[in-house]
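Same order as they appear, the protein sequences are chains A and B.
Numbering-wise, the first sequence is residues 66 to 262 according to my numbering.
Numbering-wise, the second sequence is residues 13 to 386 according to my numbering.
Be aware that a few hints might be false.
Unchecked claim - Output of the computed footprint for chain B on chain A, the stretches with three or more beta carbons under 8 angstroms from beta carbons of chain B:
#	region
1	87-95
2	131-144
What the hints assert, rightly or not - Here are the computed distance ranges between Cβ atoms for each label pair:
#	chain 1	residue 1	chain 2	residue 2	range
3	A	195	B	201	55 to 61 angstroms
4	B	370	A	224	47 to 53 angstroms
5	A	131	B	303	21 to 27 angstroms
6	B	249	A	80	37 to 43 angstroms
7	B	370	A	103	27 to 33 angstroms
Hints are computed from structural coordinates only; laboratory data are not their basis.
Just so it is clear, CB atoms sit at the ideal spot from N, CA and C, and this is done for glycine as well.
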Amino acid sequence: MTLRPDLAIIAAHVNRGARILDVGCGDGALMAALRDQQGCDARGLELDPVNVAAAVGQGLSVIQGDADTDLADYPDDSFDYAILSQTLQTTRRPDWVLEQLLRIGRHAFVSFPNFAHWRVRASLLFGGRMPVTRLLPIAWYATPNIHHVTIDDFRALVKERGIAIEGAWFLSGDQQTGSGMANLLAEHAVFLLKADR
Amino acid sequence: MSDDPRFGLRRSVTLPGPLRLDGGVLFSPVDIAYETYGTLNSDASNAILVCHALTGDQHLASEHPVTGKPGWWARMVGPGKPIDTNRWFVVCSNVLGSCLGSSGPATINPATGQPWGMHFPVITIRDMVRAQAMLLDHLGIDRLFAVVGGSMGGMQALSWAATFPERVRAAVVIASAARHSAQNIAFHEVGRQAIMADPKWRGGAYYEAQDPPAAGLAVARMAAHITYLSEAGLTAKFGRKLQGREAKTFGFDADFQVESYLRHQGLAFVDRFDANSYLYITRALDYFDLAEEHGGLLANAFRSSQARFCVVSFDTDWLYPTAESRSIAHALNAAGAPASFVELSSPFGHDAFLLESPELDRVIGGFLAAGERQ
Numbered sequence: 066m067t068l069r070p071d072l073a074i075i076a077a078h079v080n081r082g083a084r085i086l087d088v089g090c091g092d093g094a095l096m097a098a099l100r101d102q103q104g105c106d107a108r109g110l111e112l113d114p115v116n117v118a119a120a121v122g123q124g125l126s127v128i129q130g131d132a133d134t135d136l137a138d139y140p141d142d143s144f145d146y147a148i149l150s151q152t153l154q155t156t157r158r159p160d161w162v163l164e165q166l167l168r169i170g171r172h173a174f175v176s177f178p179n180f181a182h183w184r185v186r187a188s189l190l191f192g193g194r195m196p197v198t199r200l201l202p203i204a205w206y207a208t209p210n211i212h213h214v215t216i217d218d219f220r221a222l223v224k225e226r227g228i229a230i231e232g233a234w235f236l237s238g239d240q241q242t243g244s245g246m247a248n249l250l251a252e253h254a255v256f257l258l259k260a261d262r
Numbered sequence: 013m014s015d016d017p018r019f020g021l022r023r024s025v026t027l028p029g030p031l032r033l034d035g036g037v038l039f040s041p042v043d044i045a046y047e048t049y050g051t052l053n054s055d056a057s058n059a060i061l062v063c064h065a066l067t068g069d070q071h072l073a074s075e076h077p078v079t080g081k082p083g084w085w086a087r088m089v090g091p092g093k094p095i096d097t098n099r100w101f102v103v104c105s106n107v108l109g110s111c112l113g114s115s116g117p118a119t120i121n122p123a124t125g126q127p128w129g130m131h132f133p134v135i136t137i138r139d140m141v142r143a144q145a146m147l148l149d150h151l152g153i154d155r156l157f158a159v160v161g162g163s164m165g166g167m168q169a170l171s172w173a174a175t176f177p178e179r180v181r182a183a184v185v186i187a188s189a190a191r192h193s194a195q196n197i198a199f200h201e202v203g204r205q206a207i208m209a210d211p212k213w214r215g216g217a218y219y220e221a222q223d224p225p226a227a228g229l230a231v232a233r234m235a236a237h238i239t240y241l242s243e244a245g246l247t248a249k250f251g252r253k254l255q256g257r258e259a260k261t262f263g264f265d266a267d268f269q270v271e272s273y274l275r276h277q278g279l280a281f282v283d284r285f286d287a288n289s290y291l292y293i294t295r296a297l298d299y300f301d302l303a304e305e306h307g308g309l310l311a312n313a314f315r316s317s318q319a320r321f322c323v324v325s326f327d328t329d330w331l332y333p334t335a336e337s338r339s340i341a342h343a344l345n346a347a348g349a350p351a352s353f354v355e356l357s358s359p360f361g362h363d364a365f366l367l368e369s370p371e372l373d374r375v376i377g378g379f380l381a382a383g384e385r386q
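Next comes chain A alone, as it looks inside the complex:
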């Protein structure tokens, strides 16, 4: 099975045999890949019970729960990597979730759609309407994305919180793109973070 491009980047940068927590793991595609190909001890947290049942049916360890509340139950430093893919913008308190990820994991991968991509900007600037794009396909009133974020917003938040960026990857049309104009040209960003402590 082919992984979504942001998940493929994450999978390529996780050490063999690492302990990982995938927050918002969906049906467990990334967890299964990490378990089967890299011998990782993968655990997941997922809100949708249908997804959880699918993941557990594959033999994955997934807890049905809500990142906004249930991350508090995980002990400190219990994972090598905490992963939050395409979920940050759906949480009620993204900054709290980020802190939890770096409390639970020694490193954190965070991926999100970039709200400052030129297509999004153009849609808002010229159309005057909330953008509906390939990565943000749902109308404003129904979208689960309640905290839209740009690459520069994210960089500013991690700087303010004293979080170190260990790696950053940017995607446009499923291809990697440079970091220079990422805030304008990248549809999608993946960051590898480490707490300064």
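Since the structure of chain A is provided, determine the placement of chain B on it from the hints.
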């Protein structure tokens, strides 16, 4: 293996014990009635223990000797089923205190030659588990591939992982809880009082007269049965429909279908269950509080466990609601145990775990199969 007299349907064994009970009593000998399905492999590594609920029994997937009905989990256990007896050796034993062949208040107290009655010691969920551990010793099973249970069976599965951490590789806990709530205890007390208020109960010494407190036990079952169903389920099945009549009778006959149904449930139950066993097992459930056994912190119960856990709840179960399962999942997380938890959707309330549920099948089948890859 197949001609080993220890294995097969309708087995029983008298183990010398003694079994040290939580109440302080040294109990012996210990009779255990059980069944096995499938074949134990050469290194005894494919055994799954299935633990039954309050009024369940060892007839997991075989015809019940009294009712003639199929086993209570025949849809889950068998060749090609989620608990696949082609792959696994499945053991199910009648719990200590019950009445289908294991030691309980209706069995003979060797000291007096009379049925134990209320002289039977009060037992706990952990005592049931200790008796099962003695059975596994007898069967030559050191370590379980998995322990699986719903409702009270789930409590036994939790207690197994906490009490014998080195003997459990995986635990499946369905529609269950790590402790009995005030509401759970309250419903049980209604049932016990119904039995004890029946003059035929005679302080528990009704065996000789062969005239058990059937009315009291039937009422206890009726009250409990309501807690196994959901309001939506009852409404869908019965609503306010009348039973075989066009109009209300202005009397106290079973005018409503739901009344007739409950009366039937109560009457059918007394044919297959002992009233004193009902008292003892409900007491064991009420005493259950796994956190209390581990310094008040549920996570401590799982600190030495190496097992994988799978916790499942049903959204319409108000007897052991999802919040109870979620607190188990939180404790497992805090203990760092590999744990899964999912709330499944079903209209059938607590009883959902016994009924058709393709999602439950997929979850259990997938979870168990994953253990074979390890």
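Which numbered hints turn out to be false for this structure? The structure conflicts with hints 1, 6, although it agrees with all the remaining ones.
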